[in-house]
Amino acid sequence: MSATEHASAPVVPLWQPAQVPSPTPSKIDPPEGEDLITVNFGPNHPSTHGVLRLIVTLDGEVVVGLDADIGYVHTGFEKNFEQKTYWKGIPYAPRMDYLAFFANELAYVGAVERLIDIEVPERAQWIRTLFAELNRIHSHLIFLGTSGVELGAISLFFYCLRERDRVLDLFEMVTGVRMHDRYPQFGGVAEDLPKGFYAEAKRFCHDMPLRIDEYLDLVAGNSVWRDRYRGIGTIGADTAIAMGLSGPNLRASGVPFDLRRAEPYLAYDKMDFDIVTGERGDAFDRLMCRTKEMYESVKIIDQCLEGMPPGPVMADDRKHVLPPRHELQTSMESLIHHFKLVTEGFRVKANQIYYTVESPRGEFGCFLVSDGGPKPWRIHFRAPSFVSLQSTAMMAVNRYIADLIVVVGSLDGVMGEADR
Amino acid sequence: MAVTPVSISKAVRAGDLEQYVMLTTLEKAMAWTSSNSIWPAGFGLACCAIEMMSLPSPRYDIARFGAEVFRSSPRQADLMIVSGRVSHKMVAPLRQVYDQMLLPKWVMAMGACSSSGGMFANYAILQGVDKVVPVDVHVPGCPPRPEAVVDGLLLIQKKIRSGIAPAYDLEKSKA
Amino acid sequence: MNAEQLAAVVEQAVPGSVQAHGDDLDMPSLTLAGEHLIAVCTYLRDQQGKNFLSAVSGVDYLGYGEEVAGYFGSERGRDINRTGSWGTPETVTPPAARFAVVYHLAHIGEGPTDRVRLQVLTEEGRVPSVVSVWPTADWHEREQYDLMGIRFDGHPNLRRLIMPSDWDGHPLRKDYPIGGEPVQFTDAV
Numbered sequence: 037m038s039a040t041e042h043a044s045a046p047v048v049p050l051w052q053p054a055q056v057p058s059p060t061p062s063k064i065d066p067p068e069g070e071d072l073i074t075v076n077f078g079p080n081h082p083s084t085h086g087v088l089r090l091i092v093t094l095d096g097e098v099v100v101g102l103d104a105d106i107g108y109v110h111t112g113f114e115k116n117f118e119q120k121t122y123w124k125g126i127p128y129a130p131r132m133d134y135l136a137f138f139a140n141e142l143a144y145v146g147a148v149e150r151l152i153d154i155e156v157p158e159r160a161q162w163i164r165t166l167f168a169e170l171n172r173i174h175s176h177l178i179f180l181g182t183s184g185v186e187l188g189a190i191s192l193f194f195y196c197l198r199e200r201d202r203v204l205d206l207f208e209m210v211t212g213v214r215m216h217d218r219y220p221q222f223g224g225v226a227e228d229l230p231k232g233f234y235a236e237a238k239r240f241c242h243d244m245p246l247r248i249d250e251y252l253d254l255v256a257g258n259s260v261w262r263d264r265y266r267g268i269g270t271i272g273a274d275t276a277i278a279m280g281l282s283g284p285n286l287r288a289s290g291v292p293f294d295l296r297r298a299e300p301y302l303a304y305d306k307m308d309f310d311i312v313t314g315e316r317g318d319a320f321d322r323l324m325c326r327t328k329e330m331y332e333s334v335k336i337i338d339q340c341l342e343g344m345p346p347g348p349v350m351a352d353d354r355k356h357v358l359p360p361r362h363e364l365q366t367s368m369e370s371l372i373h374h375f376k377l378v379t380e381g382f383r384v385k386a387n388q389i390y391y392t393v394e395s396p397r398g399e400f401g402c403f404l405v406s407d408g409g410p411k412p413w414r415i416h417f418r419a420p421s422f423v424s425l426q427s428t429a430m431m432a433v434n435r436y437i438a439d440l441i442v443v444v445g446s447l448d449g450v451m452g453e454a455d456r
Numbered sequence: 559m560a561v562t563p564v565s566i567s568k569a570v571r572a573g574d575l576e577q578y579v580m581l582t583t584l585e586k587a588m589a590w591t592s593s594n595s596i597w598p599a600g601f602g603l604a605c606c607a608i609e610m611m612s613l614p615s616p617r618y619d620i621a622r623f624g625a626e627v628f629r630s631s632p633r634q635a636d637l638m639i640v641s642g643r644v645s646h647k648m649v650a651p652l653r654q655v656y657d658q659m660l661l662p663k664w665v666m667a668m669g670a671c672s673s674s675g676g677m678f679a680n681y682a683i684l685q686g687v688d689k690v691v692p693v694d695v696h697v698p699g700c701p702p703r704p705e706a707v708v709d710g711l712l713l714i715q716k717k718i719r720s721g722i723a724p725a726y727d728l729e730k731s732k733a
Numbered sequence: 042m043n044a045e046q047l048a049a050v051v052e053q054a055v056p057g058s059v060q061a062h063g064d065d066l067d068m069p070s071l072t073l074a075g076e077h078l079i080a081v082c083t084y085l086r087d088q089q090g091k092n093f094l095s096a097v098s099g100v101d102y103l104g105y106g107e108e109v110a111g112y113f114g115s116e117r118g119r120d121i122n123r124t125g126s127w128g129t130p131e132t133v134t135p136p137a138a139r140f141a142v143v144y145h146l147a148h149i150g151e152g153p154t155d156r157v158r159l160q161v162l163t164e165e166g167r168v169p170s171v172v173s174v175w176p177t178a179d180w181h182e183r184e185q186y187d188l189m190g191i192r193f194d195g196h197p198n199l200r201r202l203i204m205p206s207d208w209d210g211h212p213l214r215k216d217y218p219i220g221g222e223p224v225q226f227t228d229a230v
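Protein sequence lines, in the order shown, are assigned to chains A, B and C. Residues 37 to 456 in the working numbering are what the first sequence lists, from first letter to last. Residues 559 to 733 in the working numbering are what the second sequence lists, from first letter to last. Residues 42 to 230 in the working numbering are what the third sequence lists, from first letter to last.
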């Protein structure tokens with residue numbers, strides 16, 4: 037659209053300020069009154085969402101004031117990245133959001149690849165897509181399991197962990213570790229898929245939808261679950277966008293925004309999948325969105341397995357990519373390249389980029405400023421849990437304290453990425 | 559009731575059932591029962607917490623070692639599994655939870671971050687949780703496999719059965 | 042809409058606000074004057090459809106370009122007696138001010154996301170707060186205040202978020218050390 041078209045378009049404000057309590061929606065101050073108790077939902081509590089501290093003011097059982105205190109697992113990732121060369125920073129990336137570790141790695145690796153302008157081979161893109169969807173299933177399984185644990189329905193937890201171990205088996209088969217693999221490297225992936233992976237993954241794709249049916253049986257038809265989740269933590273579409281929600285939190289409010297469709301990356305533009313949306317934007321819709329997204333992820337994994345193109349899994353750019361290990365014994369140039377890349381690192385021209393991926397929690401962005409040297413100058417990660425935790429106060433106020441647990445759980449926040 | 563320290567060679571044979579049947583004492587019986595019902599207070603902080611969560615899972619079942627019930631309240635727990643990186647802001651809650659546990663209590667530092675600060679040598683992370691709590695077992699890994707954590711649990715069981723005092727009891731734990 | 046058109050439209054709506062514009066690698070970017078930030082953001086949100094604020098990042102440019110790629114020396118040659126010196130000189134121009142606050146905006150709804158980057162340069166580290174425009178900026182600004190020391194005027198709740206409330210200093214600044222314990226290695230890469 038040209039500049040003149042925009043200028044003459046009718047003025048339609050897209051966000052109603054009155055919908056969001058002012059002055060700051062992430063902290064609700066309790067009203068004056070006696071008989072109010074302030075309770076500390078300390079950093080160590082049985083709801084396994086990590087170390088979140090909520091200072092809750094209660095009038096009986098109703099929440100009238102809420103303040104969130106985070107930072108109990110602040111690790112100084114962004115400072116650590118600045119001390120290491122780009123390649124040595126890859127192991128730091130997955131440890132931020134430890135449930136969606138692959139998405140973190142993709143964001144960091146993708147940002148640097150854009151800066152050094154390296155072309156990733158197609159097979160590597162497909163493999164990355166496959167693992168990104170496997171990681172999405174892994175994250176949603178743990179979300180589903182722990183949402184059961186919060187309500188006291190612990191049996192769902194064991195079912196989800198059984199599937200989660202199968203997902204991690206696939207990761208281990210290819211990368212050698214269950215979590216926090218350093219699998220995406222600049223220019224592709226570290227190694228090709230081994231023999232036997234196709235059969236295992238196909239078996240997984242066959243079994244997983246049946247399991248998700250089992251979970252939906254346990255959850256969606258359960259009247260206790262519906263009563264605990266329906267109508268809790270409702271947020272409208274405009275308010276959700278104003279509060280910065282993204283991912284399943286936003287899609288549950290009816291906004292069909294998915295970065296895999298809106299800004300396709302990896303091989304998503306070749307994949308056929310539906311965007312799962314909800315209607316009401318309450319906790320039950322968020323739960324359903326994530327569970328049904330697992331079906332779509334299985335579809336994508338199936339398409340990746342069927343349509344995987346042959347070819348190399350690593351770009352052939354010796355200035356940025358480590359040479360294959362067998363060449364180190366025969367070629368002097370490879371040895372020198374390896375040495376320079378590991379000790380000094382490659383240089384990245386002074387530039388800045390903001391690269392986003394659709395993590396299971398929402399939009400995970402990596403803002404990277406380079407200075408022409410081998411180390412990043414500034415790296416800032418936009419963590420979706422950090423943003424969605426701000427909405428806790430406005431969703432939980434004037435509701436029972438038991439609903440607060442449901443609200444915090446349904447936002448699916450991971451404190452590792454919220455604190456970084 | 560105090561558990562008398564025994565020498566290391568006897569500790570190796572302490573798991574021998576015939577030994578108990580032949581020469582059982584009240585201390586040995588108590589040590590055997592308490593080692594088979596260690597209830598963890600999972601202090602799940604970061605990525606290691608996810609691997610700790612898979613301990614009661616169907617595959618790496620720690621219920622077979624008697625340690626399935628992860629108590630939410632530290633007053634009911636025996637073993638504090640510090641799983642994850644401990645930031646300086648978290649030190650006070652961690653020490654408070656440790657102090658609320660009743661004797662005897664054991665601490666497992668699970669993973670590299672709680673053992674030594676891990677890959678995070680910076681301003682934010684405590685370089686080893688043994689700076690604030692006495693640690694019985696360090697389990698290396700980033701994150702350690704669930705089997706490795708089970709191995710750590712078995713080491714604590716062996717420690718209990720052999721009569722070595724928990725780490726807070728500095729005098730007696732020199733076996 | 043590329044940077045040129047965007048700058049023209051914004052300048053027309055809020056005169057004197059755009060200091061510079063450019064097409065970055067991934068999106069158009071505007072450098073704004075601090076005092077017009079809220080007016081520009083309101084205009085972009087209401088007229089240009091940028092209803093989604095992705096992130097607010099602070100950048101500390103202290104020492105930017107002084108030591109590039111571990112190169113110690115002049116254009117004529119490296120100082121080979123300085124340890125850790127390698128590579129060739131590459132000049133980068135540091136920005137005009139020490140701190141930059143970078144806002145990433147997007148459009149969620151009908152049509153493409155049309156991402157835009159806004160940048161405000163400030164030497165002393167004070168910018169107006171955009172909480173009244175996008176309430177999601179609340180914690181972003183608190184975090185940048187905590188870690189970078191950038192003050193956001195008009196923020197109703199500007200206190201430390203991530204570090205303990207009695208912490209001294211702003212850790213992500215370039216003059217703040219990495220910390221940790223000294224170990225017995227040479228400071229290798």
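Be a bit skeptical, because a hint or two may be false.
Unchecked claim - Here are some of the chain C residues that sit facing chain A, going by a computed Cβ distance under 7 angstroms:
{"#": "1", "residue": "Ser58"}
{"#": "2", "residue": "His62"}
{"#": "3", "residue": "Leu66"}
{"#": "4", "residue": "His77"}
{"#": "5", "residue": "Ile79"}
{"#": "6", "residue": "Thr83"}
{"#": "7", "residue": "Leu103"}
{"#": "8", "residue": "Ala137"}
{"#": "9", "residue": "His145"}
{"#": "10", "residue": "Glu151"}
{"#": "11", "residue": "Thr154"}
{"#": "12", "residue": "Asp179"}
{"#": "13", "residue": "Leu199"}
{"#": "14", "residue": "Ile203"}
{"#": "15", "residue": "Trp208"}
Treat the hints as calculated values from the structure; they're not laboratory data. Since the structure is predicted, the reported quantities are computational estimates derived from the model, not experimental observations. Glycine included, C-beta positions come from ideal geometry on N, C-alpha and C.
In ascending order, which of the hints set out earlier in this document are inconsistent with the structure? Hints 1, 2, 4, 5, 6, 7, 8, 10, 13, 15 contradicted; others consistent.
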